Every structure is written in C-alpha cells, then in structure tokens.
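Peer 1: Sequences and hints are given; from them, build the entire structure.
2 protein chains.
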Amino acid sequence: MFEDPYTEHVLLTPGPTPIHPRAQQALMRPMLGHMDPEIFALNTDIQADLRAMYGTTDTTFTALLAGTGSLGMEAGFANLVESGDEVLVCANGSFGRRMADMAARYGANVRLVTAPLGEAIDPDDVAAQMDGVQMVAVVHGETSTGVLNPVPQIARIARQHGALLTVDAVTTAGMEPFHMAEWGVDYAYTGAQKCLSAPPGLAPVAISDRALARYHARRTPTPLWYCDFEGLRDYWEHHTYHHTVPVNLHYALHAALRAALDEGMLTRKARVQHVGQAIQTALAPLGFTPYVQRPEDRLPTVLALRLPDGFDDAGVRRALRERHISVTGGLGATAGLIWRLGLMGETARPAPYRALMNALEDLLGVQGLTARFDAALEPVPA
Amino acid sequence: MFEDPYTEHVLLTPGPTPIHPRAQQALMRPMLGHMDPEIFALNTDIQADLRAMYGTTDTTFTALLAGTGSLGMEAGFANLVESGDEVLVCANGSFGRRMADMAARYGANVRLVTAPLGEAIDPDDVAAQMDGVQMVAVVHGETSTGVLNPVPQIARIARQHGALLTVDAVTTAGMEPFHMAEWGVDYAYTGAQKCLSAPPGLAPVAISDRALARYHARRTPTPLWYCDFEGLRDYWEHHTYHHTVPVNLHYALHAALRAALDEGMLTRKARVQHVGQAIQTALAPLGFTPYVQRPEDRLPTVLALRLPDGFDDAGVRRALRERHISVTGGLGATAGLIWRLGLMGETARPAPYRALMNALEDLLGVQGLTARFDAALEPVPA
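Residue numbers (UniProt numbering), protein chains in the order written: chain A, 1 to 382; chain B, 1 to 382.
Simulated from the structure, these hints should not be mistaken for lab results.
Misleading hints may appear alongside valid ones.
To be verified - Chain B regions said to be covered by chain A (calculated; three or more residues, Cβ under 8 Å):
no.	region
1	60 to 74
2	98 to 105
3	193 to 200
4	214 to 223
Here the structure is a predicted model, which is why all the values come from computation and not from measurement.
All C-beta atoms, glycine included, are put in the ideal place defined by N, C-alpha and C.
Peer 2: Next up, the structure:
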C-alpha cells in the first residue's frame, strides 16, 4: 500500500533531481488548454530559450517532446533512420547500447564503436568505420559510467563524411555550454529532470536544418506518429492540433529553463566543478577514487567514484535511504563497484552533499568528512 | 512574450479538464526517484485502481504510459500489429482516422469502416468485413463529433472472428462503467486529462492476456522501444529500470483516480447526464439542437450541439474567452457548425456551466438561461 511520501528526500542521484523552486511554483499555475494562446506564447518562449541552451542558430527548430529523455532518443532514430540505413553508434555504456537497440528497431544496419567501461570513445575508431555511414549517434555524457565522450571531435568526423550526428545531451545540456551549431550536431535531446531540475515527463529537443532535410527526403513516413517531426512542427510552429501537450509540465520547464539561463551556463559549470572537487577531497581519505582514469574523460555532472575495498555498498546506501538520502550505485558490470553522484541542476549544491557527509560520518564512524568538505568549498560559501 | 496566466479559466472543453483538487495537491508532493520503493508502491496501487476503472480481471496488466492519450493509441498498434496484418479500423471522425493512419505506419493493411459524420458505426458493416481480420480498432466516444460507438456489439463480432479489439476509451473510461473483461476488449487507453481530471502527460492503459500472447508471438520487436510491452512490464511488474517515469504526474493521477473510484462510476455517469440535460434545456429555446440525431448514438461526455442559424460562432467564443471561459467548436467539416461541450471529470459540474449561462445571457442579450439551467438541475443542488 502506498504511504504518503510527504517527507523531503535528499536526491543525490543522476536524475531525477530536486525540482527548482521556480519550477515547483509554476507547476501550480491554473490549468489551460494546449491550444490556448497563452500556451502558444509560453511555447514560443521555451523554443527561444532552448536555442540558447543548445547553442543553435536563431532559426533552428526546438520543441518539447511529451515524454522522457528516452523518447527524445527514440524520436531521433524514428525520424532520421529508414530501413537499410548505415548507422554508427558509439556504445561505451548502457545508454549507448540503448541507442544501438533503437536504431536497429527502426531498420538500421548498426555498426558499433565501443570502448572499455570507464573509457571514452576514441574518435579514430569512429573515423575508421565511417565509409558509407549516414548517421553517427553518441551519448555525450554516459550516465552509467560517468564518462564524457568527445562530441566535438566526433562531430568533425561526421561532417567530413556528410553524416548526420545525433547527440544524447541528457547529462550535459543545461549544465554547461553546449555548442550545437559550432560543433555541427544535427539532433540533440535531454530530459527535463536532469540538468534543468524540472519535473520528469518532457524531452527538450533541437533539430538542425540538415536533419529536417533528411526527414523530408524519407521514402516512407516514420512509424512514430507521436513524435513525427512534421506533426511536431504543425503544433509548435503552425499552432494546429497534434496531441495534447502536458501544459503543467510546460509551465514548470519554462520556469526552470529561465532560471538556468539567468544563472548562466559558465556559472553552472563552475558550480559543478566546485562541488565535485569538494566531494572528492572529502571522500579521498576513505579510499574513494575516480572510476574514470583519464581526467579528460570524466563527466563533470555524474561523479563516478570507485568504492573503497570491502565497502558495504548496499548496506550503506540502504542506511542512507533510511535517513532520506538517495545515492545511486553502479549499473550492470559496475554494480557494487562504484557510486554515481549526480551533480546536475539543484543537486550540484553544497547543502545536499553536506547532508551526505554528515550521514557518512555517523554511519561509518569516521570524523572530519564534513569539515574537509566545507574547507574544500572555501572561499565560496554555501 | 509569455504573460503570467495565473487567472483561473473555466474550461468547458473536451479536454483538458480542470485538475481535481486532490490531484492538484498531490502534484506538490516532494520529488522522489522512479526507482524508489514508495513509487513502486504507488504504482501498484495505480495498477489496481486502473483494473477497477477498466473493469478487467484481477490479473490484467495495467500501466501508465509516459505520454498523452495519442501515445496510448500508438502503443496499441506498435505492439500488436506487424507488417502485413489485416486491421479493420472504425473511422467516423478525426480520432478514428488517426487510428487508421497509425495502423498503416506500423505496416497494417487497413480496412476502413466508416459512417456519416454524427452517426455511429454500424456493427453490421464491421461484421461484413471481418474475413481474415486480425485486429479491430474503434473509438468508443468520438471526441470530434460527440458520437458513441457500439463497443459491446463490435467486441462480440471481434471475438467471434478471433480478432483482437483495441478501444479508444479517452472520453468514456473513468466517467462511467467500462467493462473490458465482460465485453471482450484487448487493449484500452485513455488520457489523464480527460475523465479523470488529472494533469495531461499520462496514458492509462489496460492490456488483456490475449493481447500479451499476440505480442509474445511477434516475429520482430516493436519499433517503439519507449512503450514496448515487455519493457513496460519490466518496470511495472519486475521493478527494473526502463525509462524515467514522470513521478509528479503519477502522484496526481493516483489521487484523481482514487477520487473517481470513491465517487463511483454510476454516480459520475448520473452527474454527466444531469448536467448535460440541464445545458440542453437551458440552450434549446435559443435554437441549439443535438448534432447527433439518434439518441442512442450520443456520447454523454461530449455534448455536440448544432448552433442556431446565423450564430456568430467565432465571435461568441472569442468574447467568452475574454471572460476566461473556454468553449470548443467543431473540427474540420463541423467547424462553425457545432459546439462540443465537455462533460468529463470536474467539468461535469453545475458551477462551470452556470458561468457559461451567465456570460451568454449578457453577450447575446437574452434572459432566463441561468434560471432555466438552475431549474433543470432541481432537485439536485450545485
């Protein structure tokens, strides 16, 4: 039986993140219809703000898909791939493998470029397999391992070969500068509940003119009616009915996105680095070490830390959960081996991680974690 | 530029409906993760309540799709149709035609059974085309015209021929008894923002064992990874990660669904009839007449009224909108010809329609509408 969870939880997970206060307030706005003029005005604002967030040109088509980030991933393959297309998927974690699965379901011949777990994709491996490839797909920040893939270099290779580039920006866009136009990305998506700290249920997307041209050259309609690019444009640009968008979530995302742009991407990136460094400084004496070996391969927004030898992963996380602190462990091969500490949106703040340090001091019977954490945060106050 | 719409609007549309107060309150519950035990307990409650709402057996698989009703429609075709299947679609309005479009996109050979606008599908027309048909699809209540299609009779025919039956229950389930098991429906879906008065962004679905058997007999995976029945069951029944569900919307839907079941489907049905009759009584002297000729073909939850000759449809609806009252006109061929007054969830109450009567008295310079409306509601008080 469901019990009322009115308790506030400290979410240190790689998503969902705590909802931004401005988004929480916006969620309570009175209901309006998806075809009401106020909602079209709201959507136009959201589109402009998404262009700023993704670093696109002023005319690039942006929109919110009425679903989570996985639907954002799927819409790229559904609209831009047809049976028999050659698609190169960079797969060095769960989300890269999910991309390969989806591309295959939409009829692609999938070429996989892999890397050992905890390592970034090598652009040379991509370049070596580009012959005849129509689309390259890569996860910018691989949430399952805390690895940052070299999107700008991969984009250069895709451009040289005339291939489209789809980028999963779930852990990056909205938390630090994303340069879609400058890099040459054709389709990018994220989830509302990640770097923007909005409620889950929306996938903000950006679609380049090259991608739209590919869409218009399709031989057959995309099976995915719900996210058909033309249907989306009918609603977002021509204001004709397609499906009922979740207006309450639009209210909240609009507020969270504005808050993120008001703060600025460079400030947010600095916040992530600052808190991330303090966490590592605080935990290092206990034996926590970076899981990703090469510093340039480390994803700032999902801090993957290898656990000390003999550390009781499940037991400690369970005890933390009893204190209403959620920490996420590894997935698959890294289960029991690592923690993945989220540093997206409202999670990348001193207060929630100070709560973790306090609880760990008590649970592990060690001292000095909170003091080390606070000292590492100096001179920036909480 | 988006202006703050904190004004309360009177939504008399066929969706979205005003959010139920218990759902509005639940929307503000503190954030939790989609893998947290409290959310799995909440989901289990929702599944049980959906079984009650749809009138299924105790073991029928129910779930919420993380998208709107159209995604509910699409998931049925995506999972239950393969290339070359014979699908018979009952299409007597916009949503029936949408079904035909989707079925074709997933490779079906589509046979259309149509009826003139404003008339229900004739079961004999369905029976005449059943040879070799693997699936029948029908919209229970056609929102675009206010027509109720004879689902029980169509279900009997589908059963006789061993075909699956997909039913769009968007304007029916949650507002009056729906008998999925008794009738023999295999896949049913609705949208959260219709009869349940929850926020938009979720599609409650129910899937029969026959439908699951058909799914398991597929020769190829469904393209639609996001709503793959097996992926949904992984999350909803085995509690393994599939995609991030919109937990805030789950909170709200859970509260709205409980409120609906607490009230009871027969009470809700009576409420619809009562308010609908009062609206017709009040407006009849102005020349508003039922658009759907045969009383048994009239959908109770979307009252389609033919406008009086010379009535300034667009002008009056614009003037109502300036008073924050939203009324929906016709779609396509019925544009300018009809109004479609929603009677779903919280819209099927005297108060919002009294606001309409008051405004019309003033705008049209007529008297007695509100008094007639109130008299017709006697002896049940608002």
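Peer 1: Look at each hint and say if it fits the structure.
Peer 2: The hints, checked one at a time:
no., hint, verdict
1, 60 to 74, "holds (count 7)"
2, 98 to 105, "holds (count 4)"
3, 193 to 200, "holds (count 3)"
4, 214 to 223, "holds (count 3)"
In this structure, every one of the numbered hints holds.
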